[in-house]
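Participant: Starting from the known structure of chain X, arrange chain E on it as the hints suggest.
Number of protein chains: 2
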Amino acid sequence: LGTLSFVGLGLGPDGVSLEGVKVLKDADVAYVEYYTTPHEPRLLEVVQKAAGRQLVVVDRDFVEDGGKILAEATSGKVALAVLGDPMIATTHGELRVRAIRSGIRTAVVHGATIASAAASESGLHSYKFSRTVTVTREEVGRLAQAYRILHENLLDGSHTLLLLEHDVKSGEGVTPSEALHGLLLAEANFKRNVIGERTYVVVLSRLGRSDQKLHAGEIASLRDVEFGEPPHSIVIPGKLHFTEADSISALFSVGPGSVHGNTETVKRTAQTLVPRYIEKTKKALESVRATLEPKYGPVLENVELYLRDAEAHLTNGDDELAMLSVGYAEGLLDSLNFAGLAKIDW
Amino acid sequence: LGTLSFVGLGLGPDGVSLEGVKVLKDADVAYVEYYTTPHEPRLLEVVQKAAGRQLVVVDRDFVEDGGKILAEATSGKVALAVLGDPMIATTHGELRVRAIRSGIRTAVVHGATIASAAASESGLHSYKFSRTVTVTREEVGRLAQAYRILHENLLDGSHTLLLLEHDVKSGEGVTPSEALHGLLLAEANFKRNVIGERTYVVVLSRLGRSDQKLHAGEIASLRDVEFGEPPHSIVIPGKLHFTEADSISALFSVGPGSVHGNTETVKRTAQTLVPRYIEKTKKALESVRATLEPKYGPVLENVELYLRDAEAHLTNGDDELAMLSVGYAEGLLDSLNFAGLAKIDW
Chain X
4 LGTLSFVGLG
14 LGPDGVSLEG
24 VKVLKDADVA
34 YVEYYTTPHE
44 PRLLEVVQKA
54 AGRQLVVVDR
64 DFVEDGGKIL
74 AEATSGKVAL
84 AVLGDPMIAT
94 THGELRVRAI
104 RSGIRTAVVH
114 GATIASAAAS
124 ESGLHSYKFS
134 RTVTVTREEV
144 GRLAQAYRIL
154 HENLLDGSHT
164 LLLLEHDVKS
174 GEGVTPSEAL
184 HGLLLAEANF
194 KRNVIGERTY
204 VVVLSRLGRS
214 DQKLHAGEIA
224 SLRDVEFGEP
234 PHSIVIPGKL
244 HFTEADSISA
254 LFSVGPGSVH
264 GNTETVKRTA
274 QTLVPRYIEK
284 TKKALESVRA
294 TLEPKYGPVL
304 ENVELYLRDA
314 EAHLTNGDDE
324 LAMLSVGYAE
334 GLLDSLNFAG
344 LAKIDW
Chain E
4 LGTLSFVGLG
14 LGPDGVSLEG
24 VKVLKDADVA
34 YVEYYTTPHE
44 PRLLEVVQKA
54 AGRQLVVVDR
64 DFVEDGGKIL
74 AEATSGKVAL
84 AVLGDPMIAT
94 THGELRVRAI
104 RSGIRTAVVH
114 GATIASAAAS
124 ESGLHSYKFS
134 RTVTVTREEV
144 GRLAQAYRIL
154 HENLLDGSHT
164 LLLLEHDVKS
174 GEGVTPSEAL
184 HGLLLAEANF
194 KRNVIGERTY
204 VVVLSRLGRS
214 DQKLHAGEIA
224 SLRDVEFGEP
234 PHSIVIPGKL
244 HFTEADSISA
254 LFSVGPGSVH
264 GNTETVKRTA
274 QTLVPRYIEK
284 TKKALESVRA
294 TLEPKYGPVL
304 ENVELYLRDA
314 EAHLTNGDDE
324 LAMLSVGYAE
334 GLLDSLNFAG
344 LAKIDW
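Top line first, the protein sequences correspond to chains X and E.
Plus 3 on top of the position in the first sequence (first one is 1) and you've got our numbering.
Plus 3 on top of the position in the second sequence (first one is 1) and you've got our numbering.
It is worth saying that the hints were derived from the structure and are not from the lab.
Treat each hint with caution, since some may be false.
What the hints assert, rightly or not - Quick list of in silico lysine-lysine cross-link-like pairs, DSBU-like style, CA-CA up to 35 Å: (1) LYS298(E) <-> LYS286(X); (2) LYS52(E) <-> LYS80(E); (3) LYS25(X) <-> LYS298(E); (4) LYS298(E) <-> LYS285(X).
Bound-form chain X, shown alone (with noise of 0.2 Å):
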């Protein structure tokens, strides 16, 4: 009966465990694999040192396909070593299930990943981080899933961690600044103050390994920093604990008072949206009211009781029936210019 292990290497060149290189040792094939994330020059060295033994270095597409990998596990005792934890990536996932179905037996050797250094690094609790981001380069100019999540996590004071694809054959990959640039372009689109010049970021460039390098700031102050050679992560905290300000004061040697988290200025969508279109909607009932046929006066009236509506709601923290409100008295307004008897200027 065969085998198929994963074995996390960890971050850096000497991150693998001690029960790595044992499985490592004792596989009959022993593959690495490494193709989301650059890695050390000393990495295939250390390890196969450790293990000693020879690694065979295979991509993505061999992982992907697996055939190999499983006729071999059928029988024998196959390892395969992956950067991080090995089940973080979907690929390795499959190929388990995959393994399992096909009777053969499965284990993993875990490794330290990027979630948890990055935490560990920027002085952040890690309990308090939310959703992680994926940048890709495809999406990084049209960041709206990633500016919705930071949103939904700075709402309740969470820390979010964005992951920047960087694609290790082609060496094409998102850098830091275009990343940044990315929210910001989506802040200037979807205007719910979420991101700006002055958010507070820590980017965390090479995490792990030897010449690793973080940087604290705002966006503003960060504009001119060579980040340097990928992987590069970014921590954008929402409420800071005084322990984790503390900590990041230390950490990058900034005076305390610089430190700050994101939340301040973050509101729910409703809180920037509904008082806004209130506004909007008053103007222009305003602008009707002189000259619109006194019998569509019922419609204006209207209009002025669904606005206050829209305001009680929003102060009971309703914010889709605050929302339902300000629309439902738009439409009322806005129907007369469509059907013609009245020219609303919005």
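Facilitator: Here is chain E on its own, set in the frame of chain X:
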């Protein structure tokens, strides 16, 4: 000049990395501390053998006080080994800050943590985990905050990791059954359809250790399971991607049909309201179409347009805009009513 290095021991007795071994070997004095998590009996032996030295076992008070550690690290090389990743516990973060402020160089050797291993081992995508909840003995009878976080996580389809407290010294902690019971009590109290007997959960016992045991199933089906020795943690999945459902089915040898996520019954307010209002407005639209003067046609066209917008916004998770759009559509139509141009049958 001195150094204080925090060395993560990862999971299991052989979880320490090659770098960690090197740092422990090179230190003038090496401490190990494991007060919050029960450890493998073999751990100390394995680490000492690898590092070729004795480690001094210290307790929580020793690390929290930190006086001796900092004094020794002023001139010598001190290593402090801890389970998992060193900076997960705030105690270590605080000690690190004090060291930096005393002019001591600090270093962190990362280790695998329960958070990323929990994702791997339960077959779930790690980036879909949102805020982690720690359940303490003190709070287990009143899990209001845990319940709220679980609700928020489920609303956006995220998975939730519940870490159950265990104190090694006193031997006291929270069992999986107690934690689940506590959440069901919160449900009985707050009634938001967040969790119930049919909620699908994964219970992880002694994760990363040689006697690791995992159970998956609906809460009702796990009632009589003996989960064994701590540490325990629980994962409550949100929305399952089909590869995640596949993984659970393979990892836990259960029929794919029996695996399910937990977002079916959990709804955002807009998910309940918008479809209801859309249907209502569509009916009203049809009731007025035949008799309305053709010149008011543009109003009806816009009603249709904004109903489609509302649907699209809801699909994109833009709840506020969905409510705004459906409200606007209703308002457009109802204006004809108030203006006396149509008799609308809502």
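Participant: Give a verdict on every hint.
Facilitator: Each hint tested on the structure:
1. Simply put, LYS298(E) and LYS286(X) have alpha-carbon atoms about 27 Å apart, close enough for the 35 Å limit, and the pair holds.
2. Taking the CA atoms of LYS52(E) and LYS80(E), the gap is about 20 Å. The hint holds against a cut of 35 Å.
3. For the proposed pair LYS25(X) and LYS298(E), the alpha carbon gap of about 81 Å is over 35 Å, so the pair is violated.
4. Restraint check for LYS298(E) and LYS285(X): the C-alpha separation of about 27 Å stays at or below 35 Å, so the hint holds.
Checked against the numbered hints above, the structure violates only hint 3.
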